[in-house]
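Undergrad: At position 75 of the sequence shown the residue is numbered 75 (the UniProt record's numbering), and the sequence of numbers has no breaks.
Where hints are given, some of them may not hold.
Unchecked claim - Okay, derived cross-link-like pairs now, BS3-like style, lysine-lysine, Cα gap no bigger than 30 Å in a straight line:
| id | residue 1 | residue 2 |
| --- | --- | --- |
| 1 | Lys-80 | Lys-30 |
| 2 | Lys-6 | Lys-35 |
| 3 | Lys-30 | Lys-136 |
| 4 | Lys-136 | Lys-29 |
| 5 | Lys-136 | Lys-36 |
| 6 | Lys-80 | Lys-98 |
| 7 | Lys-81 | Lys-98 |
| 8 | Lys-136 | Lys-35 |
It is worth saying that the hints were derived from the structure and are not from the lab.
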Amino acid sequence: MPVNMKGILMGGCLDILVNLCGTRFDEAKKAIRYKKMIWVLEACDLSPMGIRRAIWELDEAGWFKNASGFVIGHPLAAIKKEIIGVNQYNAVYELLEKYHIPMIVDADVGHINPNMPLVIGTHAYVSSYNNTIEVKMDC
């Protein structure tokens, strides 16, 4: 089934974002106030449970309020790992499915090759079909 989304690219490495959340460096709520966001998220050192906790914390802080879609990259430390029934897929999906918006998981973004460069803060159109992803950025 084709997946299509448009909005401002926002996000990055969960390992870092979760540490910014709620601090004086947290600009997310200000940035998302008036725009739809495509959240591009990935993790480097987090376990599947760490990914789940990070997503939960950002969600509770209101970061995903104006989300128009999620693009989730390959997690470096959590690939093919499971902890207490939590893996790289359900760590994310079970928390974000409530938004009923498009979600692409295992995208080529983040710390693992192949990875595509993205300009965070740029308006973009993201589409995925048949295990391919296309990102058009207005930069």
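Undergrad: Given the hint that Lys-136 pairs with Lys-29, test it: the Cα-Cα distance must not exceed 30 Å.
TA: With Cα atoms ~25 Å apart, Lys-136 and Lys-29 stay inside 30 Å; holds.
Undergrad: Quickly compare the C-alpha distance for Lys-81 and Lys-98 to 30 Å and report which way the hint goes.
TA: Given that 30 Å is the threshold and the Cα spacing comes to 24 Å, the pair holds.
Undergrad: Decide if the proposed pair is consistent with the structure: Lys-80 and Lys-98, CA atoms, cutoff 30 Å inclusive.
TA: Holds, at roughly 24 Å.
Undergrad: Quickly compare the C-alpha distance for Lys-80 and Lys-30 to 30 Å and report which way the hint goes.
TA: Given pair Lys-80, Lys-30 is violated - Cα atoms ~36 Å apart, limit 30 Å.
Undergrad: Is Lys-136 close enough to Lys-36, meaning Cα to Cα at most 30 Å?
TA: Given that 30 Å is the threshold and the Cα spacing comes to 16 Å, the pair holds.
Undergrad: Do the alpha carbons of Lys-136 and Lys-35 lie within 30 Å of each other, as the hint requires?
TA: Answer holds: Lys-136 to Lys-35 is near 18 Å, not above 30 Å.
Undergrad: With the threshold set at 30 Å, check whether the alpha-carbon distance from Lys-6 to Lys-35 stays at or below it.
TA: Status holds; Cα separation ~11 Å.
Undergrad: Regarding the pair Lys-30 and Lys-136, is the alpha-carbon distance no greater than 30 Å?
TA: holds, 25 Å
Consistency note: the structure conflicts with earlier hint 1 alone.
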